[in-house]
Each structure stands twice: as structure tokens, then as C-alpha cells.
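Undergrad: Residue strings, one per chain:
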Amino acid sequence: MKDNNGNEYIEKIAQWLEQIRFRKKFFGGISEQDVWKRMDELNNMYEEALKAERIRYDVMIEHYKKTGIENQDGEMAYDE
Amino acid sequence: MMSKTSDISQVIRKRRNKLAIKEGYINLLTKIILMMILGYFIFSQVFLLSRVEGNEMFPAAKDGDLIIGFRLQGYYEKNDVITYRVSGERKVGRYMGQEGDIVTMDDSGTIRINGTVQSGEIMYPTYAKEGIKYPFQIPQGYVFILGDYRTQTIDSRDFGPISKDNVEAKVITLLRRRGL
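Protein sequence lines correspond, in order, to chains B and V.
Read in order, the letters of the first sequence are residues 96 to 175 in this note's numbering.
Read in order, the letters of the second sequence are residues 8 to 187 in this note's numbering.
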């Protein structure tokens, strides 16, 4: 699968979430409504984590742009 | 990137809303079924809802009136309006006497129970009919029931005393539907 900025993976997750079904239990089962609520909370946490990670990557890229680190061949590790 | 992750939130929200609607319908259906079961239990074991057929209780009850009876009454008093069954047919009548009581009728249209004149608010004379000889003692386990429209009704004077087992309920409410 191509990594098109992660979009394809996210689309796959969204599709999976649209199609997922839960097995029912007559006794001792859990509330499906509660499952979706927790999933929403988990998704929000992941979104926050991804956002933080994106900021970290942006800072690192900015840092490499400014410091101009060279690789083993003597070329710049990062080309503008 | 973040707009894509928001798609996931939208999918979750959509699934939650869909589930909430589904659960709402299931809850509504469950409540309707429970109400029906409860209604059936109440009106088959505790109360009785029936339509008056004929004018045998005129003027107290007229043809087409709705009556609500209480099935758990157990003990009835003279002049109570009750429902009972004769040959599988439900009838409405007035409770006149219980087991051991002596019923007497004379040519003047007066009915006596244990020697006491039973006039009440009945405006029709009570004449004896063929089949029962008066004075008549009500046998054990039976009751004597008359309709208010004494000159027209078919009641205990015709088919004799009624078994207590065939008495269904005491009428507690009457809903008039015609001739208001």
C-alpha cells in the first residue's frame, strides 16, 4: 500500500469503522453505544498524538534546513 | 492529514447516531409490547371492559354503553350491578340475593327478599314468570340476578339462579355512548 501522507491508511480505517459489526451477547454483554463512545475517545487521543508528532517532524525539518547537516558523501542531507 | 482523521470521527459519530436511533426504536417496541402484556393482564384478571348488549338494564345502562367491572370484588351486596355469563353469553344484571335468601314475588309487581320489599330506583314492576315457584329459596353456591327493565328482561326469573362461578365482575364505571 502506498503511503500517500497516510491518507490511504486513514481511509481504510474509516471504511473498517463503517463496516464493523459487534457480536451480541444476551447476558453479560456490553453496551455497543458505550463501545462507540470509547472508540471516539480513543480516536481523539490518536488525533492529538498524530498532531503532536506532526509538529515534532515540522520542527525537525526546520532544524535540518537551518543547520544543513551533510551526509557521508559530503552533500547536504537536506536539499531545499 | 487532520481532515482525514476527522473523517474517522465523523464515521464514529454516524455509527453512534445510527445505533441511538435503532436503540430508540427497540426501546419503543419493547415498551409497547410490555404495555400490551400489562393491559391484557389487567383487563383479563383485574378489570373487565365490555359493551352492554340490549336494554335489559334500562335506564341504568343502555344498549351500546361501555362498562368497566372489577373482577376481584369477591363479595357482592344487594343492588350491585354485576356482569355474569349464561350459556356462554355475557349479561349485565342487578344482584338481588345470595344463597339462603328467600325471594317472593306477588301479583302487585313487588319483589321481596327475606320479606323486605326491594324497590330501589327500579321503575318497572317485577312479576313472576313461569318456571320458578315462589317463595323461592336461593340454593347454596347460587345468586339471584334481575335486569332493571323488569317487564322486558330475561333474567333469573327465566333461567333460575346463577352459579357464583358465572358471576364475573362488579360494574364500577359506565361510559354512555348513545343518547347523551
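No lab work stands behind these hints, which were simulated from the structure alone.
Keep in mind that this is a model prediction, so the values were computed, not measured.
Any given hint might turn out to be false.
Stated by the list, open to error - Restricting the straight-line Cα-Cα distance to at most 27 Å, the calculated cross-link-like pairs of lysine-lysine (DSSO-like) are: (1) B:K107 <-> B:K119; (2) B:K119 <-> V:K25; (3) B:K132 <-> V:K25; (4) B:K119 <-> V:K136; (5) V:K29 <-> B:K120; (6) V:K69 <-> V:K25.
Undergrad: Could you run down the list of hints and mark each one as holding or not?
TA: For each hint, the structure was consulted:
no.	hint	in the structure
1	B:K107 <-> B:K119	holds, 25 Å
2	B:K119 <-> V:K25	holds, 17 Å
3	B:K132 <-> V:K25	holds, 13 Å
4	B:K119 <-> V:K136	violated, 70 Å
5	V:K29 <-> B:K120	holds, 17 Å
6	V:K69 <-> V:K25	violated, 53 Å
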